[in-house]
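**Q** Spelled out, the chains give:
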Amino acid sequence: MDYFPLNWGKPRATGDEHNWLATPGMAGAHARRADMSPTCYAPAGPTSHTSSPIVTGTSVVALKYKDGIMMATDCLASYGSLARFRDVERMVPVGNSTVVGASGDISDFQYIQHQLKDLEIDEYETPDGHHLGPENVFGYLHRVMYARRSKMDFLWNTLVVGGLQDGKKYLGCVDMRGVTYSASTIATGYGAYIAQPLLRKAVEGREDTLPEEEARKLLNKVMQVLFYRDARSLNKIQVTTVNASGVHISEPYSLPTEWGFAENIRGYGAAQN
Amino acid sequence: MFAQQPPAMSAGPAGAASSHAIQHRVSPYEDNGGTSVAIAGEDYAIIAADTRQSEGYLINSRYAPKAFQLSDSSVVSCCGFYGDATALVTYLKQQMEFYQFNHDKPMPTPALAQLLSITLYRKRFFPYYVHNILAGLDAEGKGCIYNYDPVGSFERYKYQASGSGVALIQPFLDNMVGFKNTSLQDNPPFLPLNKALQLVKDAFTSATERDIYTGDQVEIFIITRDGVRKETYDLKKD
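Protein sequences appear in the order of chains A and B. If you're matching positions, the first sequence starts at 1080 in our numbering and goes up one per residue. If you're matching positions, the second sequence starts at 2 in our numbering and goes up one per residue.
Since the hints were derived computationally from the structure, they do not count as laboratory data. Note that the structure is a prediction, hence the values are computed from the model and not measured. Treat the hints loosely; a few may be bogus.
Derived SDA-like pairs (lysine to any residue); straight-line CA-CA distance at most 20 Å [as the list claims (entries may be wrong)]:
1. A:LYS1230 <-> B:THR120
2. B:LYS94 <-> B:PRO66
3. A:LYS1230 <-> B:LYS238
4. B:LYS124 <-> A:PRO1084
5. A:LYS1230 <-> A:PRO1132
6. B:LYS238 <-> B:TYR100
7. B:LYS238 <-> A:PRO1132
8. B:LYS124 <-> A:PRO1276
9. B:LYS202 <-> B:ASP150
Residues of chain A placed beyond 10 Å of chain B at every Cβ, according to the derived structure [said to hold, decoys possible]:
10. PRO1084
11. THR1205
12. HIS1221
13. ALA1271
14. ALA1281
15. GLN1303
16. ASP1309
17. GLU1342
18. GLY1346
Where chain A lies over chain B, by a calculated footprint (3+ residues, C-beta under 8 Å) [what the hints assert, rightly or not]:
19. 30-40
20. 57-67
Beta carbons: idealized from backbone N, C-alpha and C, even for Gly.
One chain only, chain A, in its complex shape (with noise of 0.2 Å):
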């Protein structure tokens, strides 16, 4: 059954087919949007909504090791095809055992940085012995991206929270839509696709145990990995640790590749004679 009962079909007023913006009190006045789409929940007038993301990043990958989580997000910021910004740093902290990390609209997170700022700092000034763990964290954000989802005017991003509550390791993705889940490993955008399988294959059933060491080596090996098949990635990363001592947010480095294989393939190597 169709549940959109503006498409159910009513008489059109003619003349009217440009007008694709709705109005509400103007029912019968705008042309039906050729993509069905109920235009019961579109905006009055030309308000700003949702939209495409301009400025974005790609994948952040996060895995639950022994004694915490680590997360890790390289520093591009793209343009469409174009690498614009080279050192952004896409996983910020929150209090001192969170850390949030973001793909998507890059305006967008900076958006929902200045919201966490506030979030830290009422937290701070209500003197109530509580800090904000995780959990607290990704509970406020996902709030805030589900509302967002339900005004239609989307923050564009996919956020990965991660860090220790009352010392218990937390590890949560939520998306533009405030879809949430939790897992012990995570990977948004192209990494769901190429990092996760690498990642559970590694971490399942080891969350206790991994130790740090390996972890990193398994992160980087990921973000090597994604650099070679994301046509919009950077090999300069970051890589951050959450555990009992605190937030620990890497400075930038660049990751070793390997394209000597391609030497000698024809079509990938030097012009040959």
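Chain B: place on chain A using the hints.
**A** Just chain B now, with coordinates in the frame of chain A:
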């Protein structure tokens, strides 16, 4: 139902030439898959849901529960768009707290059934894209199951499936729980709890074979007058 979603990209208004700008319209919904089954007996109700959360061909999580215990006597399962499912359950839990404070008793299942219906209908023009099943005990202590559509139409049943595997499981339940098209269909015998539990497990293992969105784990809630018990079983992960 998800076939009605607007496509992500669209041309301008109907009838317009291609000279108009392309309107990029993103759907506020997505299908996160999953299946749920519920059976109501003489003095029990069983409700089960798998735990896989999908997005197209991706598996987001192997453990994202879809059945939520709301009280000592009510469990609701929500299959469809997970964002709406979690928002709906949060709202229901809040309303149940108010009920407790206003009436000085926990909210009984039939009252919750009505609440869920009006909650869904309130968003008639921007629906919660969830298929709910509510399970619990009625005023007489008998098992009750209520099945919902996304906008709140509901009815009490003895057994029901929902979600991506509904077409695979519902006919099985019609035959094995309703005894339809068998010689016992006019006087269906009493189904004991252990038999019903086995049917639910079989329903899930079967659905997992053929439905790509069903699998990983199934959580089965058993509601009796002694409270709610949860059992978890593994399902195939492919």
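**Q** Has the given pair, LYS238 of chain B with PRO1132 of chain A, been kept, meaning a C-alpha gap of at most 20 Å?
**A** violated, 34 Å
**Q** Please confirm whether HIS1221 of chain A is truly not at the interface, meaning its C-beta sits more than 10 Å away from all C-beta atoms of chain B.
**A** violated, 8 Å
**Q** Is the Cβ of ALA1281 of chain A more than 10 Å away from each Cβ in chain B?
**A** holds, 15 Å
**Q** Once the closest CB in chain B is found, is it more than 10 Å from GLU1342 of chain A?
**A** Holds: least Cβ distance 36 Å, greater than 10 Å.
**Q** Is the straight-line distance between the alpha-carbon of LYS202 of chain B and that of ASP150 of chain B 20 Å or less?
**A** Cα-Cα ~24 Å, so violated.
**Q** Was THR1205 of chain A rightly flagged as not at the interface, with every chain B Cβ beyond 10 Å?
**A** holds, 22 Å
**Q** Between the alpha carbons of LYS124 of chain B and PRO1276 of chain A, is the straight-line distance 20 Å or under?
**A** Status violated; Cα separation ~38 Å.
**Q** Beyond 10 Å from chain B, beta-carbon-wise, is ALA1271 of chain A?
**A** violated, 5 Å
**Q** LYS94 of chain B and PRO66 of chain B were given as a pair; does the straight-line alpha-carbon distance stay at or below 20 Å?
**A** holds, 16 Å
**Q** A cut-off of 10 Å on Cβ-Cβ distance, and ASP1309 of chain A was said to be off the interface with chain B. Does that hold?
**A** holds, 15 Å
**Q** Run the distance test for LYS1230 of chain A versus THR120 of chain B: straight-line Cα separation, threshold 20 Å.
**A** holds, 18 Å
**Q** Within the assertion that chain A covers the region 57-67 of chain B, do at least three residues meet a Cβ-to-Cβ distance smaller than 8 Å?
**A** Holds, because 6 residues of the region 57-67 of chain B bring their Cβ atoms closer than 8 Å to Cβ atoms of chain A.
Taken one by one, the earlier hints fail for this structure at numbers 3, 6, 7, 8, 9, 10, 12, 13, listed in ascending order.
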